[in-house]
Amino acid sequence: MITVKHLYHDFELGKKGNKTTLPVLKDISFQVNKGEIVTIAGRSGSGKSTLLNLVSGFIKPTQGEIWINNTRVTDLNEATFADFRLEHVGFIFQNFQLIPSMTAYQNIELPLILKGTDEPTRKQRTIETLTKVGLIDHQDHYPSELSGGQQQRVSIARALVLNPPLILADEPTGSLDSETEAELLNFIKQLNKEMDITFLIITHDEEVASIGNHTIHIKDGKLIAGGVFQ
Amino acid sequence: MTFKDQLKFVRQNMKKNKMRIFMTVLATAMGCTFLIVLASVGFGLQETLVKDQLEQSLVTEIQIHGYEDKDGNYHEITDEEIEYIESIEGIKAVTRRIQLYQTPDYKIDNYQSNANTVVAHFPSELKAGLKLAEGNLPEAENEIVVGYNFEEYLTEKDADPEEIYDEQGTVKEAFRYSDSLIGKNIDMTVYQYIDGEEQSQTTSLKVVGILEKPTREWATDSNVYITEGTLSEIEEFTGTLRGSIQQDGEQVSEPDSDSDTYNTVNAYANNLEVVDSISTQLKDENYLTYSVADEVKQINMLFTIAKAGLIFIGTIAILIASIGIYNTMTMAVTERAPDIGIMKAIGANPKTIKQIFLLESSYIGFMGAIIGTIVAYIISFAVNIGLPLIIEMAFQEEVPEGLKFSSIPLSLVAISTGICLLVTIVSGSRPAKRATKIDVLKAMRREI
Ligand SMILES: Nc1ncnc2c1ncn2[C@@H]1O[C@H](COP(=O)(O)OP(=O)(O)OP(=O)(O)O)[C@@H](O)[C@H]1O
Ligand SMILES: [Mg+2]
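Respectively, the protein sequence lines represent chains G and W.
Using full-length UniProt numbering, the first residue of the first sequence is number 1, and each one after it goes up by one.
Using full-length UniProt numbering, the first residue of the second sequence is number 1, and each one after it goes up by one.
The set of hints was computed from the structure by calculation and includes no laboratory data.
In this text, all values refer to a predicted model and were calculated from it rather than measured experimentally.
Think of the CB as a built atom: it goes at the ideal place given N, C-alpha and C, for glycine as much as any other residue.
Mixed in with the good hints, there may be bad ones.
No more than 20 Å apart at the CA atoms, straight line, and that leaves these computed lysine to aspartate or glutamate pairs for DMTMM-like [what the hints assert, rightly or not]: (1) 16/W with 119/G; (2) 354/W with 183/G; (3) 437/W with 78/G; (4) 60/G with 5/W; (5) 123/G with 439/W; (6) 213/W with 5/W; (7) 8/W with 145/G; (8) 351/W with 78/G; (9) 8/W with 10/G; (10) 354/W with 145/G; (11) 442/W with 10/G; (12) 437/W with 145/G; (13) 351/W with 83/G; (14) 442/W with 145/G; (15) 15/G with 55/W; (16) 433/W with 78/G.
Which chain W residues face chain G? A few, computed with CB under 8 Å, are given here [what the hints assert, rightly or not]: (17) 305; (18) 339; (19) 441.
Examples of chain G residues toward chain W, derived with CB under 7 Å [as the list claims (entries may be wrong)]: (20) 83; (21) 146; (22) 149.
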């Protein structure tokens, strides 16, 4: 599902004339198979988010290639990558990233609208997904009127609504209490099992990392082969 | 994303800042109104002038004054040219008249008048639309027809010339000949100096017909239409071409004038559409022509330039309003940057983002154009009613009937809406482009 080959990423720092490069990722290679849950673990600042942003196409790597679903996404430009994301990848963010002026229903419907789905199908899919995440009674609530756990479920619903084969999540439980966290992890496992969705999840929490079929450990921008979480 | 959804999205976004959008639409509408009202004056005056021109004259008439030969010499029209002109496609009739070079006295009973006297070619006159009000056309040589207004000038011989005219300069009813002229004999007296002595010759002519009132309201026809035979008789008496009076041996008549030329030759086209092409054709063939179509063409040309100038000035007002649109759109993009970031993250194409913002700015432009147009129509209506009243009150001056200060044809509405949309799209395109450049990660970190 995802293949990363010899991936490097440097950040440019400073202003013109006083530039320095900060190497963040060094020679990263790994593979995620279809139907797996893979977690990426590492300390703060180790480069986990940077890796996921590269896979998501939010930033471009300095070197190396990334394949998703047999597409070399590192070749895509901004516009085609956007279309690719809409089609193949769902996202769950730590801060939920819901649009505050839209209700739960509207937030979930947004990917369908962007895709140009016709209205009856849109409605049916949105209601279906709302039901799946158990928020059918809260569909008209705005994000500010929902709890953190509920907001995260809306964001999961938004990621699910177009039936993507892959979901990328950066610290999905980072803003949740431990009880809600457990609930969410169970839900992810359930989705993985029932719908065969592949997950790539970033976390710095050992417990969260343990739900994965594999865990990739990063330290100072490098993979630790079979490394132990420190 | 479908257009319908984009529109819905734009509407929702606009609702979030109603006041700002309202102000921007207002500015655009004002610019649009300014443009339309300004240009409408050009359109209105043009309409009035052209209408006047067309009403006051026969639009299908082409006056032909003569032609120039290869050496640039002027010639009057003869039968040969008339035959050619008649053969031109689209020509209905070619009328030709010979002018008597003096105005004879006409007397009947105790009444008299001086009248312009012509020889007309009635078959072509009839084809051109001439009609008789009474009687019939002359058949015998000494028969005549008179113009509709001829009788009005037939006044009592002995009446005091100071008294017979009223304020408008027409003959008072009491001094006019009041009987029907049809079938009556009328005496025509022509004059000539022979050996320094004034001599006269009187011929009795029979009125057989009266022509219909001229179609143009202000035109009068007090001509006497004599036959060619009568003309020959007059020429025989005066010994000059067309009866011109020769005093003290002085040469009045043109010596090189041919006797078979015509003074007034008018061609009539089948319809207005062909007048221009026929008139151009004749001009190309060195005929000296004049038609109202020429006049109208010139008026239109002049007004086209004036209108273009007015529209240009009006466009400046819309350009000023576009600064407001630019501002509004820039603020909208900034405000919505986090939302745009999220949308881009989940897969919104930059093109879609751009379209949404362009749609929003053109929506503002469109609303401005609609409101501006409606207000412009109201102002135009008010100006057309109010301005004549104000002018009358302030300057005590009568405004001509049917004068239109302002007119808004659909073409003007289309032009202003087009300019409005163009300007708003152009001014919204930079902010829209900026929206597509928003960095996803920065936006999601709320750094913008
Ligand atoms: N936009 C950026 N410009 C410059 N340096 C950056 C940028 N983003 C991240 N970095 C640097 O890259 C390194 C890796 O950051 P990253 O966000 O990937 O860490 P992380 O593993 O996700 O940490 P955390 O667990 O705290 O989220 C850090 O040293 C950070 O300072
Ligand atoms: Mg991180």
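Tested hints:
The hinted pair formed by residue 16/W and residue 119/G fails the criterion: a straight-line CA distance of about 24 Å is larger than 20 Å. A distance of roughly 39 Å separates the Cα atoms of residue 354/W and residue 183/G; the hinted pair therefore is violated under the 20 Å criterion. For a cut-off of 20 Å, the pair hint linking residue 437/W to residue 78/G stands: about 10 Å separates their Cα positions. For the given pair, residue 60/G sits about 31 Å from residue 5/W by alpha-carbon distance, which is inconsistent with the 20 Å threshold.
The straight-line distance between the Cα atoms of residue 123/G and residue 439/W is roughly 31 Å, outside the 20 Å bound, and the hint therefore fails. The suggested pairing of residue 213/W with residue 5/W is violated, with an alpha-carbon distance near 68 Å, which exceeds 20 Å. Of the pairs offered as hints, the one joining residue 8/W and residue 145/G is violated, with about 24 Å between alpha carbons and a cut-off of 20 Å exceeded. Distance check on the hinted pair: residue 351/W and residue 78/G sit about 10 Å apart at the alpha-carbon level, within 20 Å; holds.
Under the criterion of a C-alpha separation no larger than 20 Å, the hint pairing residue 8/W with residue 10/G is inconsistent with the structure, at around 42 Å. In summary, the hint linking residue 354/W to residue 145/G is not supported, as the alpha carbons are separated by about 31 Å, beyond the 20 Å threshold. Taken as a hint, the residue 442/W and residue 10/G pair is honoured in the structure, with Cα atoms around 17 Å apart against an allowance of 20 Å. Under the criterion of a C-alpha separation no larger than 20 Å, the hint pairing residue 437/W with residue 145/G is inconsistent with the structure, at around 31 Å.
Taking the CA atoms of residue 351/W and residue 83/G, the gap is near 11 Å; set against the 20 Å cutoff, the hint holds. For the hint linking residue 442/W to residue 145/G, the alpha-carbon distance of about 25 Å lies beyond 20 Å, and the restraint is violated. A C-alpha spacing of about 77 Å is found between residue 15/G and residue 55/W, which places the hinted pair above 20 Å, so the restraint is violated. For the hint linking residue 433/W to residue 78/G, the alpha-carbon distance of about 14 Å falls within 20 Å, and the restraint holds.
Below 8 Å, beta-carbon pairs count as interface contacts, and residue 305/W has none with chain G, the closest being about 47 Å; its hint is therefore violated. Annotation: interface hint on residue 339/W holds; nearest CB of chain G at approximately 5 Å, less than 8 Å. Interface restraint check for residue 441/W: the shortest CB-CB distance to chain G comes to about 5 Å, inside 8 Å, so the restraint holds. Below 7 Å, beta-carbon pairs count as interface contacts, and residue 83/G has one with chain W at about 6 Å; its hint therefore holds.
Taken as an interface hint, residue 146/G does not check out: its beta carbon lies about 16 Å from the nearest beta carbon of chain W, beyond 7 Å. For residue 149/G, the suggested interface contact is broken, since its CB lies about 20 Å from the closest CB of chain W, more than 7 Å.
Hint compliance for this structure: hints 1, 2, 4, 5, 6, 7, 9, 10, 12, 14, 15, 17, 21 and 22 are not met, and every other hint is.
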